[in-house]
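> Chain by chain, the residues:
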Amino acid sequence: MAGRRPGHPFSSRTASLLAFFPHLLLAILEGTVAAAVLALSALGLSLVFGVMRVVNVAHGEFFMLGAMLAWWIAKMVPGGPAIGFVAALVVAPLAVGALAFITERLLLRRINYDPEATIVATIGLMFVIQQLALSMFGADAKAVSAPFTYRIALPWFGFSGYKLFVVVASILILLGVWWVLAKTKWGLVMRVTQFDRETATAFGIPVTQVYSAVFVAGAALVAVAAVLIVPIQQAHYLMGLDPLLMSFIVVIIGGLGSIKGSVIAAVIIGLSDGIISMFFSPTLASIIATLAVALVLVFRPQGLFGVPAR
Amino acid sequence: MTARIVMLHGAVILALFLLQFVASDYAVLTITRIMVLAIYALGYNILFGYAGLLSLGHAMFFATGLYAAALGVTRLGLAVPEAFVFALVCGIIVSVVIGLVALRATGVAFMIVTLMFSQAAFLAVLYFGDITRGDEGIVIKDDQRNFSLFGDAVNLADPVLRYNIALAFLALAIVLCLVVVRSKIGHVLVAIRENENRTAMLGYDVKRYKLIAFVLSGSFAAFSGAAYALLFAYAGSTLASIQYSINPLLWTLLGGAATVLGPVLGTALMFLLVDFASGFTSASLLFVGVVLILLVLFFPKGILGTIRQRWLRWLP
Chain B
12 MAGRRPGHPF
22 SSRTASLLAF
32 FPHLLLAILE
42 GTVAAAVLAL
52 SALGLSLVFG
62 VMRVVNVAHG
72 EFFMLGAMLA
82 WWIAKMVPGG
92 PAIGFVAALV
102 VAPLAVGALA
112 FITERLLLRR
122 INYDPEATIV
132 ATIGLMFVIQ
142 QLALSMFGAD
152 AKAVSAPFTY
162 RIALPWFGFS
172 GYKLFVVVAS
182 ILILLGVWWV
192 LAKTKWGLVM
202 RVTQFDRETA
212 TAFGIPVTQV
222 YSAVFVAGAA
232 LVAVAAVLIV
242 PIQQAHYLMG
252 LDPLLMSFIV
262 VIIGGLGSIK
272 GSVIAAVIIG
282 LSDGIISMFF
292 SPTLASIIAT
302 LAVALVLVFR
312 PQGLFGVPAR
Chain F
121 MTARIVMLHG
131 AVILALFLLQ
141 FVASDYAVLT
151 ITRIMVLAIY
161 ALGYNILFGY
171 AGLLSLGHAM
181 FFATGLYAAA
191 LGVTRLGLAV
201 PEAFVFALVC
211 GIIVSVVIGL
221 VALRATGVAF
231 MIVTLMFSQA
241 AFLAVLYFGD
251 ITRGDEGIVI
261 KDDQRNFSLF
271 GDAVNLADPV
281 LRYNIALAFL
291 ALAIVLCLVV
301 VRSKIGHVLV
311 AIRENENRTA
321 MLGYDVKRYK
331 LIAFVLSGSF
341 AAFSGAAYAL
351 LFAYAGSTLA
361 SIQYSINPLL
371 WTLLGGAATV
381 LGPVLGTALM
391 FLLVDFASGF
401 TSASLLFVGV
411 VLILLVLFFP
421 KGILGTIRQR
431 WLRWLP
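As you go down the protein sequences, you meet chains B and F in turn.
Quick note: the first sequence uses the numbering used here, first residue 12, plus one each step.
Quick note: the second sequence uses the numbering used here, first residue 121, plus one each step.
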C-alpha cells in the first residue's frame, strides 16, 4: 500500500486495449503470485490469532526483518544468490523466531495476553523495530537477486520462473501447516488450546508453552514468506505496513482465526489486487480491498469462514 | 457538578490563560499546538476511555476536518467560521457512516477495521493528489484566513490571538467532555465498557450509545483537525497517516484513560518528552514505541488514572 512502487510493465490503459488477452493473462499470473504472497504473509497472523486470540501488530515488522536479513545474508555469504537464498531461508526464520520468543516472554506473557494491551504493546514494538532497522540498515530500498533467473517463455511475454517458484513454495508451506494442524499431535494440542484454554490447562497441556511455540512459529513463517518475496519486491524499513494491512484484510474477510478462510480470502484479494493494479492503479486496488472488508462486515460480521464468538 | 470539579478544571484553563504572559514565543506556538491536539485526544478518550472501544483509525476523522477546512477556505471560498462548521458537519457525516460499519465488528476486529479504514482514507488522500496535494500539502494563504467577527477584523496569523482561540476551543471541549461523561450517556458508556451484555440486558440500546460515542469522538477529532489546518495554515497527508491515529491513543494512555484531563496532560507531556528527546536522538519513533510498551507493562492506568485510584477518588 504505502510503500508500493509502480513496477508493472504494462500500466498504461491505452496499451491494454490494443492487446487485451496477454494483459489479462499477465494480470492473472501476477495476481496469483500476489495471492500466494498474501496467503503466506497472513498465515502467521491468522495462526497466532487463531490459537492465542491476540493480534500482533508487529507482524509486518517481523516480515520486514526477514527481508532485511535476507538482504544482509546475501551480501555477507559468498558463492552467489542461490547459496545466500538457502542460508537466508535457514537463518532469517531462526533470528526472527528468536525475537518473537523474547517478545512473547517479556511482553505478551506479562500482560497476560490481554487483547487490547497486546495491540498497544505491539504497536510500540512496531515503532521500535522500524526505527532500529532504519538506523542499522539505512533508509534506501535494497534489491536482492533471485536464486535463479530462469524465464518461462510465453508467446506474448516472458514470465519469471522464480515467481512461479514462490507460488509453488507457498502452496507447499500452506499444505505443510495444514498437515501439522490437522494430522499431528502438535496440531491437536494447538487446536485444543484454541478451543478452550482453561480446559486444556486442566488436561495437563502446558498452555503457556503452546502460546510461546505458536507465536514463534507465526513469526518464523512470516520471515520465510519475506525471504521468498524479497527478490520480487525489495527490502525497505517501512515495507512492513503493506503486508500487515493486507494480512488484516485477508484475515477479516476470511474470518479471524480460520486458516482456510484466510487462504480463500487471500486468493480472492490477491487476484483482484493483481488485476486492478495492472489495469488501474495499486492505490485503487488497496482502497477497493478495504471497501470489500466493509461489505463483508456489513453482511457477515464474523467473516466468510469465521464462527460467531462463543 | 460539584464545586471542586468546577474549580479544578477552571484552574487548569486559567493556568493555561496565564501561561501566555510568561511563555517564550516558541513555547506559545508549542502550547497552541498542544491545545489543538488535546481536543483530538479528549474526543478519542470518550470512545476509548469511557466506552472502552479502542480505535486505531481516528486519523481519518482528524484528516476529514483538516481537509474539509483547508479545502473549504482555499477551494470553496468559505470564510473561516463557515469552514469550521463545514468541517464539523463533514466530520459528523463521516463518523456516522464509518461508525455504522465499524461498530458491527467487536473486540479486536473493531480495532483492525478502524485501522484499515483509516489507511484507505490515507491512500485516498494520496490518490486524489490533484486536490489534496498529497505529501506536499495545502498551504493556506494568510488573506484566506482573515475574516471579520462581529465587525472586528481577525487575523489568524497573530500568535497571541491564535493561542487564545485554541484555548477557547480547548476550554469548550473540556466542558463538553465533562458534561458528556457526567450525563446519563457517560454512565451508560462506562457500563458498556465494563459489561456490554449486562448493559444490553438492562434495556439500554447498546448499539445506539456506542454510535453516539463514536460520532462524538469523531466530531472532536474533525474539529481539532479543522483548527489545526486553519490555525497553522497547513494540511498535509502525514497528518492523515497511521502515526496520527496512534498519537491520541498514546496521549490518552499516558495521561490516563477515562479521566477528563488525562488526555490534555498526556498530550502536553508527550510533546515535552519528544522535544526533550530530540535534543540527543533523532529517533523520535523509537521513543514513542518505548513509551507505549512501558505504559502497557507498568503503568496501564496512566498518570491521572493512578492518581484517581490512589488519592483523588472524585476525579472525573
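Please keep in mind that the hints were generated in silico from the structure rather than gathered at the bench.
A quick note: this is a predicted structure, and the numbers were derived from the prediction, not measured.
Wrong hints could be hidden among the right ones.
Listed below are the simulated EDC-like cross-link pairs for lysine to aspartate or glutamate, each with C-alpha atoms no more than 16 Å apart in a straight line [as the list claims (entries may be wrong)]:
hint: 1; chain 1: F; residue 1: K421; chain 2: B; residue 2: D207
hint: 2; chain 1: F; residue 1: K261; chain 2: F; residue 2: D278
hint: 3; chain 1: F; residue 1: K421; chain 2: B; residue 2: D151
hint: 4; chain 1: F; residue 1: K261; chain 2: F; residue 2: D272
Which chain F residues stay away from chain B? Per the calculated CB distances, all over 10 Å, these [to be verified]:
hint: 5; residue: L128
hint: 6; residue: T226
hint: 7; residue: Q239
hint: 8; residue: L243
hint: 9; residue: V310
hint: 10; residue: I332
hint: 11; residue: L405
hint: 12; residue: W431
Ideal Cβ placement from N, Cα and C applies to all residues, glycine included.
> All the hints need checking, so say for each whether the structure fits it.
Tested hints:
1. K421/F / D207/B: Answer violated: K421/F to D207/B is near 29 Å, above 16 Å.
2. K261/F / D278/F: Holds, at about 14 Å.
3. K421/F / D151/B: Violated - the C-alpha atoms of D151/B and K421/F are around 39 Å apart, more than 16 Å.
4. K261/F / D272/F: 20 Å, violated
5. L128: 28 Å, holds
6. T226: Its Cβ does come within 10 Å of chain B, the nearest being 7 Å, so this is violated.
7. Q239: 6 Å, violated
8. L243: 5 Å, violated
9. V310: Per Cβ check, V310/F is outside 10 Å of chain B; nearest 16 Å; holds.
10. I332: At roughly 20 Å from the nearest Cβ of chain B, I332/F sits farther out than 10 Å, so the non-interface label holds.
11. L405: Answer for L405/F: violated, closest chain B Cβ roughly 5 Å.
12. W431: 25 Å, holds
In summary, the structure is inconsistent with hints 1, 3, 4, 6, 7, 8, 11 from the numbered list given earlier, while agreeing with the others.
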